[in-house]
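Chemist: Here's the letter readout for the chains.
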Amino acid sequence: MHKVYVTMKMRRRQGNPFNFNDYPDTSMDTPLSPNMEDYMENISMLLKEHDVVRVKDIAKKLNIRMPSVTAALQKLKEKGLVDYEKYGHVQLTTKGKEVADSIYEKHSFLTEFFKEILSMNTQEAEEQACKLEHHLSSNASNRMQRFVEFYKQEQLDGQQWINRLDSVLEEKRLSELKEGQKAEIIRILGSGPLKKRLLEMGFRKGEIIHVLKYAPLKDPIEISIKDFLLSIRVEEAHSIIVKPLGSHD
Amino acid sequence: MTKKSITIGLIGNPNCGKTTIFNALTGARQKVANWAGVTVERREGFFHHKGYTIKVVDLPGAYSLTSLSMEELITRNFILNERPDFIVNVVDAGNLERNLYLTTQLIEIEAPVIIVLNMIDEAYDKGLTINTEKLSDLFAMPVVPTVGTKNIGIDQLKDTIVESYGKQPTHRKIVIPYGNDIQQAILTLQTLIEKNTIEYPSRWLAISLIEGDIDAETKINRLPNADEIKKTTTSIRNKLIAAFHDDVETVLSDMRYGFISGALKEAVHKKPVKRYDITQKIDSIVLNRYIGFPLLFVMLFILFHLTFILGEYPKQLIELAVGWISTVFSNILPSGQLQNLVVQGIIGGVGSVIVFLPNILILFLGISFMEDSGYMARSAFLMDKIMHSLGLHGKSFIPLVMGFGCNVPAIMATRSLENKRDRILTVLINPFMSCSARLPVYILFAGAFFPKHASIIILFMYALGIILAFISAKLFNNTILRGKSMPFVMELPPYRMPTLKTILIHMWDRASSYLKKMGGIILAFSIIIWVLSEYPKPHHIEQEYDKRIQHIQQEFKTSLSSLQKQHANPQITEQLYQEYATRMEDLEIEKRQEMIKYTFIGKTGLLIYPLLKPLGFNWQMGVSLTTGFVAKEVVVSTMGVLYHATDDESNQNLSKKITNPRYGITPASAIAFMVFVMIYIPCLATVTAIAREIGTRWAVFSIFYQVFVAWVVSFAVYHLARLVI
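Residue numbers (the numbering used here), protein chains in the order written: chain A, 1 to 249; chain B, 1 to 725.
Ranges between beta-carbon positions, derived for each pair:
1) Met66/A - Ile285/B: 54 to 62 Å
2) Val175/B - Asn139/A: 54 to 62 Å
3) Asn139/A - Tyr290/B: 54 to 62 Å
4) Ile480/B - Gly180/A: 39 to 47 Å
5) Gly246/A - Ile480/B: 44 to 52 Å
6) Val168/A - Asp85/B: 47 to 55 Å
7) Lys231/B - Leu189/A: 25 to 33 Å
8) Leu217/A - Leu606/B: 49 to 57 Å
9) Leu189/A - Val175/B: 30 to 38 Å
10) Val175/B - Gln155/A: 43 to 51 Å
11) Leu189/A - Leu439/B: 45 to 53 Å
12) Glu179/A - Leu439/B: 42 to 50 Å
13) Ala242/B - Gln155/A: 27 to 35 Å
Which residues of chain B face chain A? A partial, calculated answer using Cβ under 8 Å:
14) Arg98
15) Asp247
16) Glu249
Since the hints were made in silico from the structure, they are not lab data.
Glycine is no exception: its CB is placed at the ideal position from the N, C-alpha and C atoms.
Please model the entire structure based on the sequences and the hints provided.
Modeler: What follows is the structure in C-alpha cells.
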C-alpha cells in the first residue's frame, strides 16, 4: 500500500495525476488506491453476471453503505473510468474496462499461483490474491505471469521437479501439527545437543511420528515414535521438519 | 588366593529396567557413593556365583556414549579407563531399535558386551518374537532374555557372566558397516592415530573424531601428530558433507540405525496383535486438559499429607524416645558438664537429625512410586511450561512443593532431575519455600503483634517466599547458571506397577544415606554449637546476680516482717509482694541475658547486632538468629530463654513479653524479623543437604546469598512497614 501511495504522490508532483491518456498501456501501474481498485474489479465482475448494475448491487456485494458507494463512483467518474448518473445504471468506460481487466488478470494469475503451484485451497488462494493484487508492480506482475506459464508448461512435460516441489510444499514443522496427526520425518534443522539427542533416539528420515497430545498449557507435546512416547517442547519440535500423512488418524 | 573376582558395568537407556536387574543381581548388598569429582551417584553392589565374587557397577542411564552430558561422559570414561571385565547392556526388549543404538556404540568402543533382553514378557505381549540366538550371532555377543521384576533369567545371566569370563571370545569381531566413503575415512584417520601408542581403541577414536566429539579431540591433543590428525579430520568432514549433502552426525547415526534395523529384520518377527493400550488410556485421563492439573494437585496433596501429617506421628514417637533417653542419661550421669554435653549436645543433636527420618522415608516411598510407575514424567509434562518460563525443568516442581514441608528431603528429591544445571537451580531456590519449622516463628510474632491479621501475615510470608524463589531463579538463570540448557526431550515411560522390592530398596537407600552422611556432620556441628552456647562459663555473672537476688530476698523478708509487726493493711502487704515479684523477674531476665551475652554465641550475636540494627532488631533478636542457624524452631526457644518465659503455655507467655514496649520490638520490626527468619540460612540440616547434593561451594554460596537477600528484603519491609503501620 505504501508503494502505491508514493507513486501517486510522485505523479501529483508531475502535474497530471489522473490523465490516463498518458498511460495507454493498461498493464502499467494503475494510480488507484486498493479500495478503488476493488470497486473497479467488482463492478467489472457484476457486469459480467448481470445486464445492469445499480449502486445497491455494488453496496451489497462489497458490504458497504450506499452513500459511500455513490461517493466512490463519483471519484471514479472524475477519473473517466465509470459512466454513472444519479439513480441510474453504472457502466464502465473503455478506459475503465481496460483498468478493470488488468486488475482482474493479476487477480486470476495470483489465484492460480497460490492454488496450482503452492497447492493452497481455493478460498485461501482467493483471499491472498485479493490482498496482493493491489501491491504488485507491473514488472513483478509480468515476471510472475511468465513463471506461472513456465510452470504449467513444465507440468505438461511431466518434469520431475514438479512432484518434488509438491511434496516439499507439504512439509511442516512438527510444532504445526494438530493432536492426532501423523507425519513422516523429513529432516532435523540446526545442530548441537538437541539434534544429536534426537538422532540417537532414532529421529531418522522416514520415521513416523504420531502427535498424541498437547499439554494443557499447549506446551510440551506428547508424541510417539517407533515404540515409545516422548515429551518434546514446542520450541524443540520447531526444528523437526515433517510431512503430514493424511489429515487425521 | 586366586583371583576370582569379576567386575561388570551395568549400562542401558533410561527406563529399560536397569535398576531392577541391578537389584535382582545384588539384592541389598549395595553401596552408594559419588563418582570422583562430580555429584553423580555411583552405585555398586556385588554377588557370589560359582566361586566368583562379581562386582556390579551401576552406570547412569544413557541413550548413547557421546560426551554430551556428564552422565554419558562418566559411563564412557568408566569403560575406557576402568576396563570392566564385562559391560552388561540392559535393553528393553519391547523397544529394541532405540535401545540397541547404545549397543552399536559399545561395539565401537570395543567393550566386551553381554546383552540382557529385559522385559521380554512385555515384548511378547506386543506381538514380538525375538530369536535370541540369531540376535546373539548378528551382534556377536551373548544375549540373555530376562524379566527383572519377576527374577526370570537372572540365574542364566549370572551363568553367562561366569562362563564368558576368561574364555577367549569365540565370537568374531564385528564392525558397523558405514559404506566405502566413510570406511576409507575411518581407515585414514586410524592409520594416523596408530602411529602412536594409545590406550584407546583407534577405530573408535577415528569415528568419534569424524563425528566431531569434543572429548575425543582432547584425547588426541596429547599426541605428537595431533595437528596432522586434526587437519585430516577437518578435510574428511568437509568431504563427507559434500558427498552426502548432510552433516556427518546424521549420516553416521543413520547408518547405525540401518545396521540395527537390518539385524532386527532377521532376528525379530512381529505379528500384529490387537492391544488394549493401557498407557494411552491412562494418559488420556492423567494429561487431560481439564482433569490433568486437578489430579496432579490431588496427588501432591496426598504426598504432602502423607509425608508431613502422617509422618508427624512417628516423628512424635521418636521425639518421645529421644526425650526419654535424655532423661535416662540425665539420671545416670552426675550433673555437670559431661551430662550437659551428652544430653544437650549429643542426644539433642542426633535427635534433631533422626526426627526427620519418618518424613524422608514416606516422601521417598511416594516419590519412588511416582517415578517407577511413570507418573513423575507426566507431572513434569504438565508443569513444564510454567517451570520452563523460570528456566527450570518440569521435574523441578515436585521438589519445590515438598520444600514447604521440609527443605531437607526436598533437596534430596532433586535427584530425579537428570541435568546438573537444573538440579543446582532447583536446590538453590528450594530454601525460599517456607518449611514447617519456620511456622512457629510466624505464629509467635504474627500472633503477638497482629492478633487480628495473623493469618494474612503468615500467608504473606509464604507468598513472599515463592516470589523470591521465582526472582532468584530468573536471576541465577541469567548470571551464574547461564549456559545452554539441555534439550527437554523426555521419555514418557509406559505405566508400570512398581515392585515392592524396588521401592523398598530405593527408600532404604535414601534413609541410610541420609543417616550416614548427614548424621555425622550434623552431630559434629551440634556439639560445636553446644560448646559455643555454653562457653565460656559466666560463673562470675551468675554469682553476682545470685548475690543481688539474695539481697533482694533479704530486703523483702525484713520489710515483710516489719509490716507484719505493724499489722499493716493487707493491701500494702500485697503491694510489697507484687513489687518483689517484678524485681525478681526483672533480675532473672537480666541474669539470663547477661549470661548468654558472655558465651561465644552471645558474643557473636552482639557482634553482628550493629548489622541488624537498621532492620529494627534488638540484640536479643540478633542472638536468636545466631542460634537459629541450627534449626529455625530454635529461634523461638532461644527467645523463650532470653525473655525467661515460663515453660508452660510458653507461647502465650512469650508473646506477652515480646510485645512489652520496654524491649523495643515494634510491629514493623516484628514483620521484618519474620521476613528475615523466612529467608536467611535455612538450617544446618539444609545446608548439609545442599553440600551433599551439589557440592560444598554451592552450599557456601547459598549461605551468603540467603543472608544477603534476607537483609535486603527485611530492610525494605521494615521501612515500608514503618510508613504503613
